[in-house]
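Going down the list, the protein sequences come from chains A and B.
Start counting the first sequence at 60; every next residue gets the next number (the working numbering).
Start counting the second sequence at 1173; every next residue gets the next number (the working numbering).
Hints listed in this document are in silico derivations from the structure and should not be mistaken for laboratory results.
Take these hints with a grain of salt, some might be off.
What the hints assert, rightly or not - Examples of chain B residues toward chain A, derived with CB under 7 Å:
id, residue
1, I1179
2, A1198
3, R1199
4, A1203
Being a predicted model, the structure only gives us computed values, none of them experimental.
Ideal Cβ placement from N, Cα and C applies to all residues, glycine included.
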Amino acid sequence: MKENCILPEDETLRALLREARPAPSLPPRFEENVWRRIERAEAADASWLDVVARWLMRPRLALAAVAVVAILGLGLGWQDGYQLARHDAQIRYLAAVAPSSLR
Amino acid sequence: MKRSYLIVILALLAGAGVFVASHQIARQFCARNLARADDDLLWLKQEFRLTDAELTRIRALHHGYLPQCGRMCERIAAKKSELEGALTDETNFTAVAEQKLSELAALRAQCQVQMLRHFVEVSQAMPPEQGRRYLAEMQRRTLGFHEQIEQSMSESAGHAHGHH
Chain A
60 MKENCILPED ETLRALLREA RPAPSLPPRF EENVWRRIER AEAADASWLD
110 VVARWLMRPR LALAAVAVVA ILGLGLGWQD GYQLARHDAQ IRYLAAVAPS
160 SLR
Chain B
1173 MKRSYLIVIL ALLAGAGVFV ASHQIARQFC ARNLARADDD LLWLKQEFRL
1223 TDAELTRIRA LHHGYLPQCG RMCERIAAKK SELEGALTDE TNFTAVAEQK
1273 LSELAALRAQ CQVQMLRHFV EVSQAMPPEQ GRRYLAEMQR RTLGFHEQIE
1323 QSMSESAGHA HGHH
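Next up, chain B with everything else stripped away, as it sits in the complex:
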């Protein structure tokens, strides 16, 4: 009985070892070979099963969009530091800070419009079904986050109103 226990426990340990080792080897091998750090568009190609011609068109759109996106990011960053300056200089919330906040919001909205336009262009370069899926996924990934926050805030506000 004691010997049997020992055999079964050793077998279980050996099995667990074999499982963990083979799992890790396959995981690392697969992750290393499938992920290419030099290509931003790898996910698009794999997820939406793009042909080389479609990917070439999308790559051109992507490279055209990146500098615009970079310029917009720089403007947003500059506006943010202006806002921070306006907020730290005074103890009160000033008209200048309010104006900077509005400008920042406008810049962010402008950036979002530009981004969504790019998503639409990319979706049009894909087969229709994949394009719809891409657009829905990108909107969910980029705008859904805000919707979640707004929803959670309106829910908590509703609870707060209920208590009063």
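Only chain A is shown next, with the shape it has when bound in the complex:
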């Protein structure tokens, strides 16, 4: 019990020891590289479904996919709406100038 007791002198001693053995600085992009290695190791024995699922779980990729799908939907919807409006306008004109009894 006595050994566990931290004395003020011990703290000073510890600080001195820490200074004497400085922790080496991490290489650049250390964390990113670690994650990449982990992913690579996991991907080695993962099926395509796992790969896709992992891609989808990345917020950036998921957001990009949502944006692409939304833009595609908006574009096709706009095109459909334009065709619909054009068709309605054409029907309206035909109904005005050509009686249905003649068509």
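Please build the complex by placing chain B on the supplied structure of chain A, with the hints as guidance.
Okay, now just chain B, sitting in the frame of chain A:
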């Protein structure tokens, strides 16, 4: 594996939802903003890229034609009811019914002539290339239907003759 399935399926469902929602929103928005219920000539303006001056000329022709067209429609409707009366009164096809049918056909032909004249006038108020396209489109829309029926009837008649 099971978790991956779930993620992919959920992502697909979410993607489909986003697609359908964005598609519907854009479709409704576009259809509502482009279609103006108060203008019969909107299609002409958009389809044949008319200038304001051309559209004004065509609008005057259109407003001049509509009352003539309306009167002709009334005459056709009256003749049709006369024909129906002639057909229901008798069990046989009478000379009166035949005469009403001929009169109806004549009225329809007259109406078609009037309509085609109007199309020609409108086409002349457009730039030449657009005018030709307009005239071809209107003839196809208004006369092509009869041609299709006649063609299909002559084809079926040909088959029937072939069997006998």
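Hint check results:
1. I1179: holds (4 Å)
2. A1198: holds (3 Å)
3. R1199: With Cβ-Cβ at 4 Å, under 7 Å, it holds.
4. A1203: holds (4 Å)
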